[in-house]
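Protein chains: 2
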Amino acid sequence: MQIIEDSLDQLLKQVAIRTNAVANREEVEKSVREIIANVIKDGDQAVKMYEQKFDNVELESLKVTQREIDDAYEATDDTVIKALELAKANITSFHQMEVEDSFIDAKKKGVIRGEKIAPLAAVGLYVPGGTAAYPSSILMNVIPAKIAGVSRIVMVTPPQKDGLNKAVLAAAKIAGVDEIYTVGGAQAIASLAYGTETVPRVDKITGPGNVFVATAKKQVFGQVDIDMIAGPSEIGVIAGSQAVPSQVAADLLSQAEHDKLARPILVTDDRSLAEAVSKEMDRQVDLLPRKEIAKAAMENEGFIAVVDDIDDAFTLMNAVAPEHLEVQLPDAIEYLNQIKNAGSVFLGFSASEPLGDYLAGPNHILPTGGTARFFSPLGVQDFVKRTQFVSYTRDALKKEKDAITTLARVEGLEAHARAIESRFDD
Amino acid sequence: MQIIEDSLDQLLKQVAIRTNAVANREEVEKSVREIIANVIKDGDQAVKMYEQKFDNVELESLKVTQREIDDAYEATDDTVIKALELAKANITSFHQMEVEDSFIDAKKKGVIRGEKIAPLAAVGLYVPGGTAAYPSSILMNVIPAKIAGVSRIVMVTPPQKDGLNKAVLAAAKIAGVDEIYTVGGAQAIASLAYGTETVPRVDKITGPGNVFVATAKKQVFGQVDIDMIAGPSEIGVIAGSQAVPSQVAADLLSQAEHDKLARPILVTDDRSLAEAVSKEMDRQVDLLPRKEIAKAAMENEGFIAVVDDIDDAFTLMNAVAPEHLEVQLPDAIEYLNQIKNAGSVFLGFSASEPLGDYLAGPNHILPTGGTARFFSPLGVQDFVKRTQFVSYTRDALKKEKDAITTLARVEGLEAHARAIESRFDD
Numbered sequence: 037m038q039i040i041e042d043s044l045d046q047l048l049k050q051v052a053i054r055t056n057a058v059a060n061r062e063e064v065e066k067s068v069r070e071i072i073a074n075v076i077k078d079g080d081q082a083v084k085m086y087e088q089k090f091d092n093v094e095l096e097s098l099k100v101t102q103r104e105i106d107d108a109y110e111a112t113d114d115t116v117i118k119a120l121e122l123a124k125a126n127i128t129s130f131h132q133m134e135v136e137d138s139f140i141d142a143k144k145k146g147v148i149r150g151e152k153i154a155p156l157a158a159v160g161l162y163v164p165g166g167t168a169a170y171p172s173s174i175l176m177n178v179i180p181a182k183i184a185g186v187s188r189i190v191m192v193t194p195p196q197k198d199g200l201n202k203a204v205l206a207a208a209k210i211a212g213v214d215e216i217y218t219v220g221g222a223q224a225i226a227s228l229a230y231g232t233e234t235v236p237r238v239d240k241i242t243g244p245g246n247v248f249v250a251t252a253k254k255q256v257f258g259q260v261d262i263d264m265i266a267g268p269s270e271i272g273v274i275a276g277s278q279a280v281p282s283q284v285a286a287d288l289l290s291q292a293e294h295d296k297l298a299r300p301i302l303v304t305d306d307r308s309l310a311e312a313v314s315k316e317m318d319r320q321v322d323l324l325p326r327k328e329i330a331k332a333a334m335e336n337e338g339f340i341a342v343v344d345d346i347d348d349a350f351t352l353m354n355a356v357a358p359e360h361l362e363v364q365l366p367d368a369i370e371y372l373n374q375i376k377n378a379g380s381v382f383l384g385f386s387a388s389e390p391l392g393d394y395l396a397g398p399n400h401i402l403p404t405g406g407t408a409r410f411f412s413p414l415g416v417q418d419f420v421k422r423t424q425f426v427s428y429t430r431d432a433l434k435k436e437k438d439a440i441t442t443l444a445r446v447e448g449l450e451a452h453a454r455a456i457e458s459r460f461d462d
Numbered sequence: 037m038q039i040i041e042d043s044l045d046q047l048l049k050q051v052a053i054r055t056n057a058v059a060n061r062e063e064v065e066k067s068v069r070e071i072i073a074n075v076i077k078d079g080d081q082a083v084k085m086y087e088q089k090f091d092n093v094e095l096e097s098l099k100v101t102q103r104e105i106d107d108a109y110e111a112t113d114d115t116v117i118k119a120l121e122l123a124k125a126n127i128t129s130f131h132q133m134e135v136e137d138s139f140i141d142a143k144k145k146g147v148i149r150g151e152k153i154a155p156l157a158a159v160g161l162y163v164p165g166g167t168a169a170y171p172s173s174i175l176m177n178v179i180p181a182k183i184a185g186v187s188r189i190v191m192v193t194p195p196q197k198d199g200l201n202k203a204v205l206a207a208a209k210i211a212g213v214d215e216i217y218t219v220g221g222a223q224a225i226a227s228l229a230y231g232t233e234t235v236p237r238v239d240k241i242t243g244p245g246n247v248f249v250a251t252a253k254k255q256v257f258g259q260v261d262i263d264m265i266a267g268p269s270e271i272g273v274i275a276g277s278q279a280v281p282s283q284v285a286a287d288l289l290s291q292a293e294h295d296k297l298a299r300p301i302l303v304t305d306d307r308s309l310a311e312a313v314s315k316e317m318d319r320q321v322d323l324l325p326r327k328e329i330a331k332a333a334m335e336n337e338g339f340i341a342v343v344d345d346i347d348d349a350f351t352l353m354n355a356v357a358p359e360h361l362e363v364q365l366p367d368a369i370e371y372l373n374q375i376k377n378a379g380s381v382f383l384g385f386s387a388s389e390p391l392g393d394y395l396a397g398p399n400h401i402l403p404t405g406g407t408a409r410f411f412s413p414l415g416v417q418d419f420v421k422r423t424q425f426v427s428y429t430r431d432a433l434k435k436e437k438d439a440i441t442t443l444a445r446v447e448g449l450e451a452h453a454r455a456i457e458s459r460f461d462d
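So the sequences go chain by chain: A and B. Note that our numbering has the first sequence beginning at 37, numbered continuously upward. Note that our numbering has the second sequence beginning at 37, numbered continuously upward.
In case anyone wonders, no lab produced these hints; they're calculated from the structure. A portion of the hints provided could be inaccurate.
In this list, chains with the same sequence are indistinguishable; a pair is considered to hold if it fits within one copy or across any two.
Unchecked claim - With a straight-line cut-off of 25 angstroms between C-alpha atoms, the simulated DSS-like cross-links for lysine-lysine are:
1. Lys296 with Lys254
2. Lys124 with Lys327
3. Lys182 with Lys152
4. Lys49 with Lys89
5. Lys145 with Lys66
6. Lys296 with Lys376
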């Protein structure tokens, strides 16, 4: 990968250019708008028409039977089932710590105030087809929803000529998906947002997908809630002289193999480490089945920045706001305070990023493209809603009556003032 | 208002038609796209050009001086300042209960897992101009951000020929806004999302606005985070025979006066209450300064539904998912469990909705248009982000190594497996 050695200011400028590149795709927007309108109008019939058109599949029924799911589970290798079960246990124990409590406050005489936290009623999970159908992502989407208490979890995934991926169906069974439909693309998102005769309308749609899926999610936002729009995978590694080049290189490649636009970034204060990692990546990448993808990512988006000291490395990484951040430094946990923007953080020499993709328990559905500035990993919090409530006695209201009517009248909202005063007309 | 008496099924169908009406405004989308592109390209110059074009104001400087803010505060009536201070105290004590804690878990040998909650660095608040500039909304937006720990709170508001609303500036000072710019419309949203020479780029934009503002917020979503897209105000009242018709009518009118598309809804099991409230509304509405608006809302969107029993009233109201819900029944708090979808709930005969608009402490920025199904009131949670972290020793990683590499290879991600194995090459 390209090694850049420059002042922090110059590096920050380069990073800013990279993260601001967001394409505006008017044509895609238009055809997605049309697909959504047709699914609203014609329901299942429109969905089947689009499946024929885009996936070249003639569907009789959209629903995957319990039998198909059970058969796929039986056909899945036992070591895979066991690995999925271990992952489920770790993901569950981590996400249980995210559960928020309702609260109630009765400190003031005659006044009750509170906030009730309740699960969404139904959520939809989009699972891409082909090689991007990841069993691990099903666990990451479904388990937090289950812990939140969502009672209807609906999965959609494009039909596949040779049948659905068996490990995906096994993971859906293990995670506790309630129903599965073979619908893909924008038509799947439209179905979940508005409902068809077969596919139920849900309250929130999560899961990654291609540009049509992402655009459709953005368009239905407001009709339903959505998770963030996922971009290409990113890994940032901050490493000092004690890091092992072959391990740093392997970790960078683990994300580079995802996508030609994936972004592997190393920031180090050690020029010789930079060179050793670069050399190791060139050596290792040729041994990978997905070497073409990984090489493209290294060339398109990857870089190694050499900075003056480790504080600069954190400043630069905070500007990148990477999806994954490894801190390969001694006593890595002590840097937690310096990490401002990152989705998921891997501390120390042994916390290799794929540990988080599969097993440690934190979520792997994470903010990308610099959005870790404001977005968070998918979690239990994404599958609940809050409802606030107040109760005032007439005496309690009387004490605050004048303040309310004063503010209402300053805002020119006379009926607001009168609603309060109507309690004291007699 | 129209009184409907029908089966629950028929009522649910009518409600479904109402809530699904979402207009698609392609022209607005296009001109907003252009405004955003120009603000990205030309910064302040584009902003000033649009302010001249749309607001007919030639701006030298975009920034409101501290002097202007202090003068407005001094010029604001003392009773208003005191009412704002009381509101601030109640809003603060309520929102402090929303604060979430970071967590760390060290139950397993060699494994540390946790989630760090941190404030967003900078947020932008849009305040509409004219009569829709509400001091109370500034408190509702800013106080949760302050409690979350946001260090830079930026307000934007369209320039006004006769100067900015003094009570709005006073509220900004009381709430603790850090800087104010006179920019409105889509150009204001673009400025906050991308930054100009004068207006800083923020991480999240909140606050209501017209269709241009709402469309711009939707378009910049992903570049920054946004709060929900606000629609016309709604009030649902569930009332039994013990409710006082004049009070129910006054409460319904308090939201009807907001907007010609506001939606006042009463659901009752008492036909005679329905008739009395309808009569009272007709009488009271004529006494209001904003009677034209309130009458239009009553006609366009308002209705009174008479149902067989109170359980049906909750079923119907849950389908509406109103922004505000009053429960005017004895022992109202006992119905909390039956309320599935509502933004803010007012329990009992004295909890009149404007109490929540101004003073009780819960937020008044609430989900509308049926989105209470999945959106929540604005809160402290909206101004933080979560970062997850893990640390594993080599021994701890060794125990889970095989499960990770098994899952990586099932997904065809060889480089993921090798990253883990690179720790055990020796």
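Structure-based check of each hint:
{"no.": "1", "hint": "Lys296 with Lys254", "result": "within (23 angstroms within a copy, 28 angstroms between copies)"}
{"no.": "2", "hint": "Lys124 with Lys327", "result": "neither (30 angstroms within a copy, 59 angstroms between copies)"}
{"no.": "3", "hint": "Lys182 with Lys152", "result": "both (18 angstroms within a copy, 22 angstroms between copies)"}
{"no.": "4", "hint": "Lys49 with Lys89", "result": "neither (45 angstroms within a copy, 33 angstroms between copies)"}
{"no.": "5", "hint": "Lys145 with Lys66", "result": "neither (57 angstroms within a copy, 54 angstroms between copies)"}
{"no.": "6", "hint": "Lys296 with Lys376", "result": "neither (27 angstroms within a copy, 44 angstroms between copies)"}
Consistency with the previously given hints fails for numbers 2, 4, 5, 6, ordered from lowest to highest.
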